[in-house]
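Chains G and L supply the protein sequences, listed in that same order. Be aware that the first sequence starts at 4, since it is given in the working numbering, and climbs by one per residue. Be aware that the second sequence starts at 4, since it is given in the working numbering, and climbs by one per residue.
What the hints contain is simulated information worked out from the structure, not anything from laboratory work. Values in this document were obtained by computation on a predicted structure and should not be read as measured data. Warning: the hint list may mix true and false statements.
Which copy is meant is left open, because identical chains are indistinguishable; a pair holds if it fits in one copy or across any two.
Stated by the list, open to error - The calculated SDA-like cross-link candidates involving lysine to any residue, where the alpha carbons are at most 20 Å apart (straight line), are:
(1) 24 with 194
(2) 24 with 64
(3) 81 with 207
(4) 81 with 21
(5) 141 with 52
(6) 24 with 85
(7) 24 with 62
(8) 211 with 233
(9) 81 with 22
(10) 211 with 64
(11) 24 with 89
Number of protein chains: 2
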Amino acid sequence: MADTLKKDRSAIQLGPMEVPKASDVLANELRERILTGEFTENTPLPPERELVTQTRMSRSTVREALRILEVQGLVRIKAGRAGGAFVQRPSKEAVATSVSLVIRGQQIRLAALLETREAIEPFCAQLAARYRTADDLKVLDAANEAIADENSTLAAFLQANVDWHVGVAIASHNELLTGLMTALSRAIYTATENERFIDAEVRRLTAKAHLSITEAIRAQNPEAAVRRMNRHVHSYAQAVLEVEERTEISVPDEA
Amino acid sequence: MADTLKKDRSAIQLGPMEVPKASDVLANELRERILTGEFTENTPLPPERELVTQTRMSRSTVREALRILEVQGLVRIKAGRAGGAFVQRPSKEAVATSVSLVIRGQQIRLAALLETREAIEPFCAQLAARYRTADDLKVLDAANEAIADENSTLAAFLQANVDWHVGVAIASHNELLTGLMTALSRAIYTATENERFIDAEVRRLTAKAHLSITEAIRAQNPEAAVRRMNRHVHSYAQAVLEVEERTEISVPDEA
DNA sequence: GATGGTCTATTGGTCAGACCTAAGTTACCA
DNA sequence: TGGTAACTTAGGTCTGACCAATAGACCATC
Chain G
4 MADTLKKDRS AIQLGPMEVP KASDVLANEL RERILTGEFT ENTPLPPERE LVTQTRMSRS
64 TVREALRILE VQGLVRIKAG RAGGAFVQRP SKEAVATSVS LVIRGQQIRL AALLETREAI
124 EPFCAQLAAR YRTADDLKVL DAANEAIADE NSTLAAFLQA NVDWHVGVAI ASHNELLTGL
184 MTALSRAIYT ATENERFIDA EVRRLTAKAH LSITEAIRAQ NPEAAVRRMN RHVHSYAQAV
244 LEVEERTEIS VPDEA
Chain L
4 MADTLKKDRS AIQLGPMEVP KASDVLANEL RERILTGEFT ENTPLPPERE LVTQTRMSRS
64 TVREALRILE VQGLVRIKAG RAGGAFVQRP SKEAVATSVS LVIRGQQIRL AALLETREAI
124 EPFCAQLAAR YRTADDLKVL DAANEAIADE NSTLAAFLQA NVDWHVGVAI ASHNELLTGL
184 MTALSRAIYT ATENERFIDA EVRRLTAKAH LSITEAIRAQ NPEAAVRRMN RHVHSYAQAV
244 LEVEERTEIS VPDEA
């Protein structure tokens, strides 16, 4: 009897309910208006105290809402007179930082990073070959020059390396891919920073590969670009992983 | 005299300096400690009032710092007794939301989304064929079943479609790719939601392609998986773009 | 003895008001 | 005319108070 009663009563099912915080409500409202284009780029939002009177919320609530939007890259906040919150469209930076957080936070294996780069970068090269501008090529050439300098430090080499890879992504003119590649490159940079496998030979091969890919992009030859980039990142990944194996996985331990 | 004095004094050169906000300082400090693993998952941070006494900052400053970390997905905040800020590792959700923001905010062309998917998804399929588990296959099979139902609504079809694509990404066991694909799929879903080109024929072809790719993944045949997925997403993109052209770019106008 | 009410302690959420600091604007004086 | 002092506007921080949600202990009722 009691059992059936219990069954009857628990037949009514309710999921856990959301009770949004006041600051979230404000943030959501503003976010929607920004994303739908109601506020265009660089539009100044009303001053905090004005928002307080409009929304009848307290200033701390208003400020927390603005802080949320700031972290999400939707507004940029300046202090001082004529300051305030200015509408911004989130760009690759927002993607790059969040991806970096995931990479660092999840202690993602170097292998997975390299894998992901193998997925994305050949396609970037292909798009770059189609859509590259003269400015894009300048960036790549500058990076190539820095890479070719055999007397530079390891740090300088790696930085130039990152610059080149990000440069290719930028040349693809796809903000999504650019953001991902920026984060990936940074992560791979720090992961390989202490690697001892980057010797003169590796540097020479890298420089050569980059040059050849750059030429394909310059010549607007997508097929060659994708093919060469594929080979480049794949062989680089192989090389890194070989060293990783030989040195008995010493990196993951430091977590 | 005054001139030389002035010159001497301006010999000391200082660049523009950054004056970080107090809340940023706290947020950065906590973020580093979380990311380096000093605080493990689910560790409760001290209560706000405790942080106030420890840091000698005001409560509003402490709260803004916590809000920053919350938005970045580094802590989860619960109210009430035994509540507080609990350490969390940012996951694919964080990537998905920030990518969604960029997609919505930049009013990214549907073409670019499809392009990006063409870059990523074949590689996901390849990895899925290598690393898929039995559970992964169950998800794909369930989605395929829903897709095959010819009497379902358009919304149901698209949802099942998303489930399948995300399922493939999950089967790749790469958090990065999974996060990106989740965001991408959602965006493509909403972008194609109102499209009239999804007729019975498209649904039939989609179901067929998904089945064939699923089989390649089940058989752990990476080559077939990547080839079939490539063809699938490419032809889908072509179909969408053809409709786009025919209907004279009506979507971008509503921005 | 299971259900539900009440109390209390803890902790985040919100509010109000004050003051500090950054940065344009204006006015005034040398 | 040019520089600087005063003013104004806006965000940044602090203080202290109270509200709201929640967990746990205890008690009342059926």
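From the Cα coordinates, with 20 Å as the cut-off, is the pair residue 81 and residue 22 best called within, between, both, or neither? Between copies only: 12 Å across, 31 Å inside.
Homo-oligomer pair classification [residue 233, residue 211; C-alpha up to 20 Å]: Only inside one copy: residue 211 and residue 233 sit 14 Å apart there, 30 Å across copies, limit 20 Å.
Have a look at residue 141 and residue 52 and pick one of within, between, both or neither, based on CA distance no larger than 20 Å. Result: close neither inside a copy nor across copies, 47 Å intra and 54 Å inter.
Homo-oligomer pair classification [residue 62, residue 24; C-alpha up to 20 Å]: Result: close both inside a copy and across copies, 14 Å intra and 18 Å inter.
Is it within, between, both, or neither for residue 24 and residue 194, if the alpha carbons may be no more than 20 Å apart? For residue 24 and residue 194, the Cα distance exceeds 20 Å both inside one copy (39 Å) and across copies (30 Å).
Should residue 24 paired with residue 89 be assigned to within, between, both, or neither, using CA atoms and 20 Å as the limit? between (23 Å within a copy, 18 Å between copies)
For residue 81 vs residue 21, is the C-alpha pair at or below 20 Å within one copy, between two copies, both, or neither? Intra 33 Å, inter 12 Å, cutoff 20 Å: inter-copy only.
With 20 Å as the alpha-carbon cut-off, assign the pair residue 81 and residue 207 to within, between, both or neither. Neither. Shortest intra-copy (46 Å) and inter-copy (54 Å) distances fail the 20 Å Cα cut-off.
I want to check one pair: residue 211 and residue 64. Are their C-alpha atoms no more than 20 Å apart within a copy, between two copies, both, or neither? Intra 56 Å, inter 52 Å, cutoff 20 Å: neither.
Cα distance capped at 20 Å. Does residue 24 pair with residue 85 within a copy, between copies, both, or neither? For residue 24 and residue 85, only the inter-copy Cα distance (19 Å) is at most 20 Å; the intra-copy one is 29 Å.
Is it within a copy, between copies, both, or neither that the alpha carbon of residue 24 lies no farther than 20 Å from that of residue 64? Both. Shortest intra-copy (9 Å) and inter-copy (18 Å) distances satisfy the 20 Å Cα cut-off.
The earlier numbered hints that this structure contradicts are 1, 3, 5 and 10.
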